[in-house]
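This is what each chain is made of:
There are 2 protein chains.
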Amino acid sequence: MTTDTFLTDFHEVAQIGATPNNGVDRQAATAEDRETREWFRAFAKERGWELRVDGIGNQLALIELRPGSPYVLLGSHLDSQPLGGRFDGAYGVIAGLHAADRIARRVAADAAEGGAAPQFNLAVVNWFNEEGGRFAPSIMGSSVFAGLMNEDEMLDVRDLRGVSVREALGEIGYLGTDERPEIAAYAEIHIEQGRILEREGIAIGAVDRSWYTQKLDIEVLGEQSHTGATLMSDRHDALLGAAKVIQRVHEVTDLFEPETLVSSVGQMTLEPNSPIVVARRVHLVADLRADDREVVLRARDQILADIREIEAEHGLVINARDFDVRDNQHYPEQGLELADQVALDLGLGSRRIRTMAGHDSVAMNRIAPTVMLFIPSVDGVSHCEREFSRDEDMVAGVEMLAEVGWRLVHGALASDADAADPVPAHAFA
Amino acid sequence: MTTDTFLTDFHEVAQIGATPNNGVDRQAATAEDRETREWFRAFAKERGWELRVDGIGNQLALIELRPGSPYVLLGSHLDSQPLGGRFDGAYGVIAGLHAADRIARRVAADAAEGGAAPQFNLAVVNWFNEEGGRFAPSIMGSSVFAGLMNEDEMLDVRDLRGVSVREALGEIGYLGTDERPEIAAYAEIHIEQGRILEREGIAIGAVDRSWYTQKLDIEVLGEQSHTGATLMSDRHDALLGAAKVIQRVHEVTDLFEPETLVSSVGQMTLEPNSPIVVARRVHLVADLRADDREVVLRARDQILADIREIEAEHGLVINARDFDVRDNQHYPEQGLELADQVALDLGLGSRRIRTMAGHDSVAMNRIAPTVMLFIPSVDGVSHCEREFSRDEDMVAGVEMLAEVGWRLVHGALASDADAADPVPAHAFA
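Each protein sequence line maps, in turn, to chains A and B. Okay, so the first sequence: first residue is 1 according to our numbering, each after it adds one. Okay, so the second sequence: first residue is 1 according to our numbering, each after it adds one.
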């Protein structure tokens, strides 16, 4: 029956910020984001869990199982892309809440029968701004939590309309001051956003590594002029330069084996953006990812060389800056073995899998032993309204997370704190 | 001394909406636009001229010289592009006001000496939204005045933030209801926005024709997906498609003799515009202009063929629609002869010249005998902050306009009403 409640809750949350084609639009620190937070709060309050909001708007629900000990944390994020899917992030938070609820009941039942208290406390988190659609960079809340990004700098980040994170969080009443709990381990479950599990008919992916990723912040500077009255030879068209950059960012993938590199531009703004004015400035962001760090670095160098060519050809100035560089991450082997064992015990198929997308667990893996789990995505699509995962796959994932969480609070990865990758100094400079 | 006042006034108006690099930002129906209108109103009130605002926000100052007769209209527009120049449009309105002031005084002096009243009344106009940067299409106010665009349709046009022309004009208090005066002739003076007059050292250009122009409204439809997690081969990237369209719109000019065609994209918006989401929709506007109509039509056909190729290559749907088609316009020969004669009488050099840019006079030429004059532009640049014309050239232009206006109110083109091009039915469909 917990299962039934999970599905009811999942589909209820999917109504918040619902879009016409079954997606959701709940960008970070918007009214819709607040509504999901109020739902999270109500779920926790009903069960008497302690609620906290930290200085970057991360929302936590704490369950005391062993007073004074660190916390095993379950969760993901309730924010979405603009016209995004209803599964990405939301599934992991709602699964986390239901898994925690089961674990808490099981601990209580255990205690009633004279069982010992678990080794750790338990908490569920709704991370702030994982998506980064409104405020860049993405994975903001968990990265600040993990000490990988500076809180004040992130609070000063502004959206395209000039509203800061600080203002937006204040506006929705979620700029908190609560202390962050000490974390013993972290577990997150998420849709795959790829086709591997679906194609192979496997219920659970145990994520062993994340891709090397980086972004390029590119500014193309030309000269504003009249589209009708300026000779073609006199133009320094920033939009034309940007169009060529976008194409080169795409074509660079042809230099490598198919699908070993993904590279594209998703965000772009131009000034002045008038139908009869040649643009003076275009700002765009390129996103490069590969399993192999060298592939990303070679692609980046090629794009920078291409940019020098475009600059010269059109008399433009093009500034390119690396940002949001995320090294390959390896999740700890003992966490993977734990996931394999739990899947086996529950009769669920599982396999090792890599993630191309970034997740909050990538940040948390830097500071605590972390288990990252995937369930299948239909057609592998995500960040769009037709993102879809089946009810039965979601329910199996909740079972899986509840059992992983149960073993974590009982110390399954307790001695593995040093299995997390150390933070390389250059990665978040 | 009228000359001195003109320069003082010109440089005073240039302070309204002034930008750091000597430009102005006074888009249609903004607070800055209102401020220029208040300045225009004060100038007219001081002289006891009648003020009117029509249903599309055109602002007129009327001077009665011969009760009951039609009006000779002088003017241009005070709105600007975003980060635009301080000369484009504003020069013509302020020159128009000063020329009218001189003509009125001269008529009064003439009358005091027993001279006959002129044949026509006199008026000055500040046309609404010539630039079209905020509300497309451009040349809106004069086109509605001339019956070439529908007033209600134009009042419903919305800017990128969803504000309608009706709302914006209401907001600044310039949604008028006053009757439009009957027009006997129209004269406008403007900066060249090209280098011909400067290069040849000629003070005055008498505009004989305008280029054939059209826009293409292009919508690229792809599929929203994750920039990190989506296989390259699974993508339908609307921004990549748009980047190729922008390039083809530029490259089509290579098919023709240098500078016989200008073609570019200045406006573009993408959805959802998030750094880690492949765009699902891009909207852009291409602007094509040539002296020869056939050149524009051939370029347009080539672009449409290119678009079909891009569609097929990337699995996109691309919709393209012709709009804002403006046929070649010829200004009446007798108006050109009048301009030549006035320049000769004033000792100013003049030559025939074509305009690549659109102007309010292009619309007015459809309904009244029209004289369009140019003064030199330094470096030929416009729609940007470094747009520049010299004080002495501006002052010579005011002399020129005042004399042309004087002859027009005395009937110089009175019998030439039919010299204006007839409106071809297809051009504004």
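Just so you know, these hints were derived from the structure itself, not from any lab. As the structure is a prediction and not an experimental result, all values here were calculated from the model. One thing to keep in mind: the hints can contain errors.
Stated by the list, open to error - Derived contacts from chain B toward chain A, CB cut-off under 7 Å, selection only:
#	residue
1	Gly-133
2	Val-277
3	Leu-344
Ideal Cβ positions, reconstructed from N, Cα and C, are used throughout, including at glycine.
To see whether the hints hold, each was checked on the structure:
1. Gly-133: holds (4 Å)
2. Val-277: holds (5 Å)
3. Leu-344: Since the shortest Cβ distance to chain A is 27 Å, the answer is violated.
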